[in-house]
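Could you build the full structure based on these sequences and the hints that come with them?
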Amino acid sequence: MQPLPKFEYREPGSVAEAARLLAELGSRAKLIGGGTDLVPSMRQGLYTPAYVISLQRIADLRGVAWEDGVGLRIGPMTTLREMEASAEARARFPFLAAAAREVGSPQLREMGTVGGNLCLDTRCRHFNQSEDWQDCVEACVKRGGEFCKASPNGRARKCFAVFSADLATALVAANARVTLQSAGGARTIELADYYTGDGASPTAGRPDEVLTEVLVPSAMQGVLGTYLKYRMRQAIDYPIAGVALTLRPRDGRVHDARMVVGGISSRPVIVKGLGALLEGKVLDETLAESAAKLARKSATPLANTAGDRAHRKQMVYEFARRALAEAAHAAAGAGGGEAR
Amino acid sequence: MGAYTVIGKKTPKSDAVAKVTGEARYATDVYLRGMLWARVLRSPLPHARIVRIDTSKARALKGVHAVLTAADVPDARYGALVLDMGMFARGKVRYIGEAVAAVAAVDEPTAARAVDLIEVEYDPLPAVFDPLEALAPNAPILHEALAGYTTLFDRTARAMQGNVNYQAEIACGDVEAGFAASDFVFEDTYQVQKQHPSYMEPNSTVADVDAEGRLVIYNTTQRPHINQAILSSLLGVPIAKIRVVPCHVGGGFGGKNRTLTEPTAAALALKTRRPVRLTFSHEEEFTSATTRHGGVIKLKTGVKKDGTLVASQATLYYDCGAYAPTPNAVWLGAISSTGPYRIPNVRVEAFSIYTNKMMSGAFRGYGAPQSTFARESQMDRIARELGLDPFELRLKNCLVEGDSLHTGQPLHSVQVRETLLKARAMVGWKGPRLGPNRALGVACGIFACGGFATSSIVKMNMDGTATVATGAMDMGQGLRTVMRQIAAEVLGLAPDDVTVVIGDTDLTPFDVGIFGDRGTHTGGQAVKLAAEDARDQILAAAAAGMGVPAGRLELRERKVVDRTAPERFLHLRDVLGGGQYKKGGPIIGKASINLTETAFDPGIVRGAATKMFSTYTFATHVAEVEVDPRTGVTKVDKITAVHDCGTVINPDGLRGQIIGGMATGLGYALYEDVIIEQGQVQNPSFLECRPPTAVDMPAIEFATVEGYDAKGPFGAKGVGNVSVINIAPAIANAVEHAVGARVTSLPVTPLKVLQALGAGEV
Amino acid sequence: MKQVVQLNVNDAEHELALDPSRTLLEVLRESLGLTGTKEVCLLGSCGACTVLVDDRPVLACLTLASACQGKRVLTIEGLRQGEALHPLQQAFIDKGAVQCGFCTPGMIMAGKALLDRNPHPTPDEARAAIAGNLCRCTGYEQIVEAIVAAPAVDEAARVGAREGGHYLMPDMAE
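Residue numbers (my numbering), protein chains in the order written: chain W, 1 to 340; chain E, 1 to 762; chain S, 1 to 174.
It is possible that part of the hints are untrue.
Restricting the straight-line Cα-Cα distance to at most 16 angstroms, the calculated cross-link-like pairs of lysine to aspartate or glutamate (EDC-like) are [what the hints assert, rightly or not]:
1. Lys-2/S <-> Glu-8/W
2. Lys-71/S <-> Glu-11/W
3. Lys-6/W <-> Glu-108/E
4. Lys-2/S <-> Glu-11/W
5. Lys-638/E <-> Asp-124/S
6. Lys-6/W <-> Asp-124/S
7. Lys-6/W <-> Asp-107/E
8. Lys-62/E <-> Asp-123/E
Honestly, the hints are just simulated from the structure, not real lab data.
Structure representation (structure tokens):
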């Protein structure tokens, strides 16, 4: 079989060692978790790093644990299967375990990691093709060309490849934070801010940083959450649209609602104005309809995947409506406050 | 029908142990000492003149042993009906992915680098991608020399011109008078997509030159003997100097009724005198292999108020891509275009049309899923508009024993009515609607079964066992086991007593290839006749020894038994081991048959691609769906399948093959599409072409109806094709009953359902 | 630069000098001659190269061989114990779950991973476990039946009988 482009391989035993390596190698290196995203990309010649640095031997980066007053701490090397099976995740934020289960296939979840899902490269039908395929066309902006072919008129100089990570979309809705560590120190940012919206460079992580922790803050305890995925086949496929919703029901009313849409834009899109629209109100069908329309408005799918753009936009509306209906139903059942 | 010992009994696949242990050897598992790796340079343009090819840099690269272009191989072409394709593009390229040059090198990376070093200068030409646009008078012409190409069908009836590489016409009765006599005339246009066969194993060949200078080909194919003939004509090597040794085939479905990797690997092996391996990459499977034909079907049907079909006019435009490896698909489509119905006045015009796209070829259903989608969709429209029950309309018009098809072919073994009745009972039919957004949809199918030339040898061994040799390939559907059962039944043996040698052209007699439901039916019949030949010789030999007339003897339980006095018997091993040295010599049975011998009446059929098929198979499928009117998503909950397959030989094999066909039909109906823009395949992978997964499958209910085909072995017919062809219309029909959305193009995507519902933005 | 990697494959220890860019699939097929694990899409979307690494079902085409240093790899060739087939292999034969066989090794390894964790799966659990393994021949039905039936095959093997109706000649005992 055609081998992968050559690279050197490193397996640091600690985060500090990984950070040291990255400080030295910078953008010549790529981090690898489970390999389910990076290896196919290398196979297609999308990336040819001189070094591949695996985080698999760093025990600290694995595991899901609850810490009172802090929250749900998820090691980024936790596999998606471990995430979906985690008793802590299932007890406290079942929608996160469910979102992990929506990814790919059993083998991809066995290999793929939570961190890998957060750092999933954006995808585009013009970008995720082999070198032979690319030889037939002009390079797109993400491959070093001038224009984004998925952009309106194909003339934008910015990349509009699509972000299609299921769990990441749900974690943004869960107000997750991520910690990034470099040789120079650590910083913690909102996961929502980790995404740049630039398809060519989708995360704000620097080349010398390692993602070391994902935290769902303890303040999120008791939220209701849901993640709905629209796709053609019931396995393997990336989302055509993914809708995550969190809210806190109290006294039959909605508080702190947050909706995030994946599979549509170059980042997980937080639906603007939805929290304010729903705050303190009873979530009836009319309100849900208005909120779903907001979601639709926030979604501007481009020609980055196969599938009709108007239909994808409409599906955001439809799945947003469903997520809200599900939440309303769960809120009624929960009697206000219990985690679903 | 007799009481059989082996036929119809549970018999595990003879190659199952090798396959569950990973020991079965496929072409991609062949690694020979000193083997070189080949890679092909492919056209990046859909249509262009080749101005110049410079291979000097590639040749100079260390580790490169050979570089070939059209200039290095004989100017020979091949094809099924129209010989239009050479090993490499010559003079011009006609699709993105066409082979321009090939390299053999010490390893794959070197071969890849060498390919990159080949310089080709192209002069782009206008291209055409739509089959109907390709028919326009000013359309770019793909094959200027088409009229001069060798053809293997009667082209005098229909001159080939423009981009039409094959054309057939069927006319029975008076279709205009039929329409005039009809109470209603329905006219619809249907569109179908390209679907990839998605066999798991890629095309692959290892070609070697042996000590005697013969070419030895290890490959994955449905037609070893035809491969041999094509290699001979393309390379200018005598057939006797070529041995094709097929490995286990990792799925074919018609897609391996091709010769894709063999000529290039063979030419490179001849050039280098080293073994050469050429394996298609996953992407090459989606750019440079073949798909089901996409196209357009126009269907006009006249009907009486009571639902009696009176006249039908069908026009089939099948998009065959840049070459026509099997334009016969449109001929099969024409045959299936009436459905399994009695229509007195029929006219069919069928066109196979070149476009600057990847090739279309054979794939399970072979031309019929397209026309069946049109026919069965329109049948439901007729039922609805006439206020008739969909089952009743079909039952009223279905073919029965003794009817003739619109081609003039008399039909035998016709159980379509029985499949309809049984399916109706199985689903507890009370009309199509089951509840809000839930409904049943029914569709019938007819497909040609069996025919063409095959042969078999049955060699009796000294211990009483038998060795069967057949050129009819097992492509994974289980033909080895079926052959074993057939020979065992005739010879009074257990299946394990029969060894089947399959495919190797040095060891097996000729077979034309496995397609058109002819493996079990026609290949199996040759094995049966050869086994009977051996049996008769055994009985004659034993009769002399036992002093009993041969007519009183029979073979059972490894013995020759006197039917009138079963205590009198000889062990087969004694007849064949000791016995055969005494007189008459060793026993070999043989059979050569051609089950396609009757030509069509030229007054009815013009431009027939074949003679009459041996028989026809029939099936009724009922899909139970739930459609979400807000998303347009169709969920198929259950498919009920009733098949008329004659005598069942291997029940597990039959069931597996039929359910597999249904899965392919499901993918065709809902998910799969090879999307081509400006000649370039946009989704060249399983990930994006989406064959169904295990969790996409509906519940399956499956039954057969009793039947017997006089020409098939023990009355058996095939099932490979008919299991696919009427799934899509059954689902499309159910979708309409569920939510009122009629989708007339495949696949039935959520978007199309919503559009049919007229649902705009909320 | 090549690295020395110790791999335990099917209980046999191997020490290999490998380029780090080699995948487990390449090493199994091309260095160790274990061609039972199949190469199909190389993109992780077909499941044909499924093997078990430390009992977990993974895709060998996406796994770097160097990353398997010190781990236990089980391939289809390692499933059989001497002459005796693994119950799941026997169930695949008995249920007619094998057609062309190209997906079969990956299917069986995915099925085994399920059975190791859940010895008595329901048909839906079996279906979910092979959702990442494509098969074009069977429509999956008999594969699901085989996975569900495997525990019974195992049981039957233990009591010395074998399930499934293999054809026997009436006089086979002679």
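Status of each hint after checking the structure:
no.: 1; hint: Lys-2/S <-> Glu-8/W; result: holds (9 angstroms)
no.: 2; hint: Lys-71/S <-> Glu-11/W; result: holds (14 angstroms)
no.: 3; hint: Lys-6/W <-> Glu-108/E; result: holds (14 angstroms)
no.: 4; hint: Lys-2/S <-> Glu-11/W; result: holds (15 angstroms)
no.: 5; hint: Lys-638/E <-> Asp-124/S; result: holds (15 angstroms)
no.: 6; hint: Lys-6/W <-> Asp-124/S; result: violated (42 angstroms)
no.: 7; hint: Lys-6/W <-> Asp-107/E; result: holds (15 angstroms)
no.: 8; hint: Lys-62/E <-> Asp-123/E; result: violated (31 angstroms)
When held up to the earlier numbered hints, the structure conflicts with 6, 8 and fits the remainder.
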